[in-house]
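Take a look at the letters that make up each chain.
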Amino acid sequence: MDASQDQFAIRVRDLVVGFGRQTVLDHLSLDVRRGEILGLVGASGGGKSVLMRTIIGLIPRRSGTIEVMGQPTGGHGRGAATTWGILFQQGALFSSLTVRQNVQFPLRENLVLSQELMDEIAIAKLEMVGLRAQDADKYPAELSGGMTKRVALARALALDPPILFLDEPTSGLDPIAAGDFDVLIKTLQRTLGLTVFMVTHDLASLTTVCNRVAALADGKIVAIGPMRELLQSEHPWVRAYFHGKRSQMLQHEMR
Amino acid sequence: MNHEPLLLATPSGDVLNLRPEGPWTAANVVTLETLSRSVGADVDRSRVVTLDMSGVSALDTLGAWVLEKLSRRAASSGRPAQFVGVADHYSGLMEEVRQVNRHTPAPAAAPNPVLARLGDLGKSTVGAREDVAIFLQMLGALFMAVIGVLRRPRSLRLTSLVYQLYRIGWQAIPIVALITFLIGAIIAQQGFFHFRRFGAESYTVDMVGILVLRELGVLIVAIMVAGRSGSAYTAELGSMKMREEIDALSTMGLDPVDVLILPRVAALIIALPILTFIGSIAALYGGGLVAQFYGDMGPAIYIERLHEAISVTHFEVGILKAPFMALVIGIVACSEGLRVKGSAESLGRQTTTSVVKSIFLVIVLDGLFAVFFASIGM
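So the sequence lines, in the order shown, correspond to chains A and B. With positions in the first sequence counted from 1, the corresponding number in the working numbering is that position plus 1. With positions in the second sequence counted from 1, the corresponding number in the working numbering is that position plus 142.
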């Protein structure tokens with residue numbers, strides 16, 4: 002493994018993904034550096050989630066290569082749960098298991114460890130994402146939206162994966178909860194040395210937590226870089242996205 | 143560079159120097175647990191414990207927690223352990239781990255098994271009362287909805303009613319006819335086989351006719367409809383409840399009973415007698431075929447015997463029960479559907495409950511009808 006490869010957590014080259022006659026991702030290339038938080042923006046239905054799901058391996062690709070931590074993906078060899086954790090938009094917690102069992106699930110399936118240690122690790126993870134030990138015996142149906150996201154994050158981080166995928170982590174949260182969640186992601190990213198790949202529409206998250214932002218339009222990455230570079234981009238869609246009335250207002254407020 | 147985690151313990155007098163080395167990560171958890179257990183006694187014995195972290199090549203939450211646990215074990219007897227040589231990029235993690243698992247709530251005491259059993263019994267008794275209340279409530283709501291429709295016939299959801307009739311009536315005909323046909327044939331075969339021994343073969347036709355028209359036709363059809371359409375109602379209404387569609391209806395000023403439940407229950411009440419009729423005919427036909435090919439009784443004699451054995455009363459007894467069974471199935475299926483809570487598991491549970499409960503009630507109802515018809519001499 003040479004140094005240039007070592008620098009990237011995810012490398013996507015010439016990726017083509019489509020359904021039927023429709024091509025969603027058209028020769029897309031994207032590099033995610035190790036230890037950065039990359040935000041991905043794009044139109045609704047424009048392929049953001051498709052890109053994330055293709056990298057994870059949930060959607061088959063027509064052509065192109067994807068390397069994760071220097072290893073090409075495709076085969077189902079290495080345990081995926083140890084490479085990445087995924088926070089789905091609705092949490093995707095197992096509704097028949099308690100919060101504790103949800104967090105322990107990846108541990109139980111991938112490792113051999115004593116019940117005592119498993120309990121301690123589960124509580125430790127829950128406390129790291131800002132929940133209390135008392136919440137551990139609740140069922141997902143009893144949780145609020147923000148708590149569901151936190152539990153899902155704890156489950157995604159159960160095995161300390163080097164890469165974390167977040168699908169619209171702050172959608173459905175109130176601004177205070179969303180802000181807290183942003184801070185939490187930033188803190189965890191720093192403590193655990195994570196690489197975070199985040200699909201989001203939340204301009205506040207993009208500005209505050211993301212090191213770089215990638216804009217997806219017409220099936221390609223049309224602009225990538227720190228937020229201030231993207232604001233200066235000349236691409237019509239990127240301009241419309243960041244300089245529309247709504248975005249202008251928000252950015253004005255933020256200043 | 144080694145790939146196995148190590149824990150070097152160097153006791154010198156009262157001082158224990160622990161030096162973890164290698165990758166302290168979740169992948170090596172088995173080794174880590176053994177290592178930390180092996181030095182446990184040494185930690186308890188020593189007065190000063192230091193943890194030299196400079197040899198750790200990789201560290202994650204699990205590894206950090208195992209080390210933190212060792213340090214807490216030392217601290218619990220008043221000799222706080224010291225971490226030295228923590229690499230910069232792991233200091234945040236070590237700091238984080240130091241905060242966790244401080245306030246573990248006391249586990250809830252296991253309840254007395256006898257008391258727990260009694261508690262369950264009490265809960266299910268109260269639950270049964272609640273079930274009756276919900277049933278009566280739904281019956282009342284349906285009654286009010288029917289009165290509303292009688293007052294303003296235009297408010298009947300005709301499209302929905304016809305669609306439900308198509309789904310639970312028309313589409314059910316093939317399977318209902320097939321099953322009842324087989325049941326009729328089996329009863330006839332058993333009749334011929336056993337009655338032949340004492341030369342009473344011709345009474346097989348009486349048995350088949352009376353049994354099918356009075357009891358079996360309607361019972362089999364009702365049970366099949368409960369399994370086929372009752373479960374569908376519960377699942378439909380349950381998922382509509384989960385996705386807040388029913389709340390949306392209410393906020394638009396519409397009564398879910400009028401819009402969703404009345405057409406469904408009405409469709410059942412109309413369809414079940416028709417299906418019972420078709421089912422009974424199919425069963426008699428099945429019996430007739432067996433009579434011809436197994437009992438050596440030609441169609442003409444079979445029909446002749448049938449004509450003598452059964453009367454309109456037998457047919458009435460069977461068909462009169464059908465609408466009531468349909469009402470029970472419909473009410474149970476719809477009210478169970480509305481009891482679905484947020485989770486996928488609850489949807490499955492209510493669907494099962496709906497089918498089990500409606501089949502049970504159909505059979506109980508059939509028993510009550512048997513007593514009733516016997517006492518009025520039908």
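Hints in this document: simulated from the structure, not taken from any laboratory. All of these numbers come straight from a predicted model, not from anything done at the bench. Treat each hint with caution, since some may be false.
FRET-style restraints, in silico, Cβ to Cβ [stated by the list, open to error]:
1. A:Gly19 to B:Glu272: 51 to 61 angstroms
2. B:Ala252 to A:Glu143: 56 to 66 angstroms
3. A:Arg191 to B:Leu396: 46 to 56 angstroms
4. B:Ser297 to A:Arg109: 52 to 62 angstroms
5. A:Glu143 to B:Pro295: 42 to 52 angstroms
6. A:Glu230 to B:Arg491: 48 to 58 angstroms
7. A:Ser145 to B:Glu272: 49 to 59 angstroms
8. B:Phe502 to A:Thr188: 52 to 62 angstroms
9. B:Glu237 to A:Ser96: 29 to 39 angstroms
10. A:Thr188 to B:Lys483: 33 to 43 angstroms
11. B:Thr267 to A:Lys187: 47 to 57 angstroms
12. A:Lys187 to B:Val304: 54 to 64 angstroms
13. A:Arg191 to B:Val226: 37 to 47 angstroms
14. A:Glu37 to B:Gly227: 27 to 37 angstroms
Don't be surprised by glycine CBs; every beta carbon is placed ideally from N, CA and C.
Cross-check of the supplied hints:
1. A:Gly19 to B:Glu272: 51 to 61 angstroms: At roughly 53 angstroms between Cβ atoms, B:Glu272 and A:Gly19 fall inside 51 to 61 angstroms, so the hint holds.
2. B:Ala252 to A:Glu143: 56 to 66 angstroms: 22 angstroms Cβ-Cβ, so the 56 to 66 angstroms window is violated.
3. A:Arg191 to B:Leu396: 46 to 56 angstroms: holds (52 angstroms)
4. B:Ser297 to A:Arg109: 52 to 62 angstroms: Distance hint for B:Ser297, A:Arg109 holds at roughly 55 angstroms.
5. A:Glu143 to B:Pro295: 42 to 52 angstroms: At roughly 45 angstroms between Cβ atoms, B:Pro295 and A:Glu143 fall inside 42 to 52 angstroms, so the hint holds.
6. A:Glu230 to B:Arg491: 48 to 58 angstroms: holds (53 angstroms)
7. A:Ser145 to B:Glu272: 49 to 59 angstroms: Given a distance of about 28 angstroms, which is not inside 49 to 59 angstroms, the answer is violated.
8. B:Phe502 to A:Thr188: 52 to 62 angstroms: holds (56 angstroms)
9. B:Glu237 to A:Ser96: 29 to 39 angstroms: Holds, since B:Glu237 and A:Ser96 (Cβ atoms, about 35 angstroms apart) stay within the stated range.
10. A:Thr188 to B:Lys483: 33 to 43 angstroms: 34 angstroms Cβ-Cβ, so the 33 to 43 angstroms window holds.
11. B:Thr267 to A:Lys187: 47 to 57 angstroms: This hint holds: roughly 54 angstroms between Cβ atoms.
12. A:Lys187 to B:Val304: 54 to 64 angstroms: holds (58 angstroms)
13. A:Arg191 to B:Val226: 37 to 47 angstroms: Since the Cβ atoms of A:Arg191 and B:Val226 sit about 22 angstroms apart, the hinted range of 37 to 47 angstroms is violated.
14. A:Glu37 to B:Gly227: 27 to 37 angstroms: holds (28 angstroms)
Consistency with the previously given hints fails for numbers 2, 7 and 13, ordered from lowest to highest.
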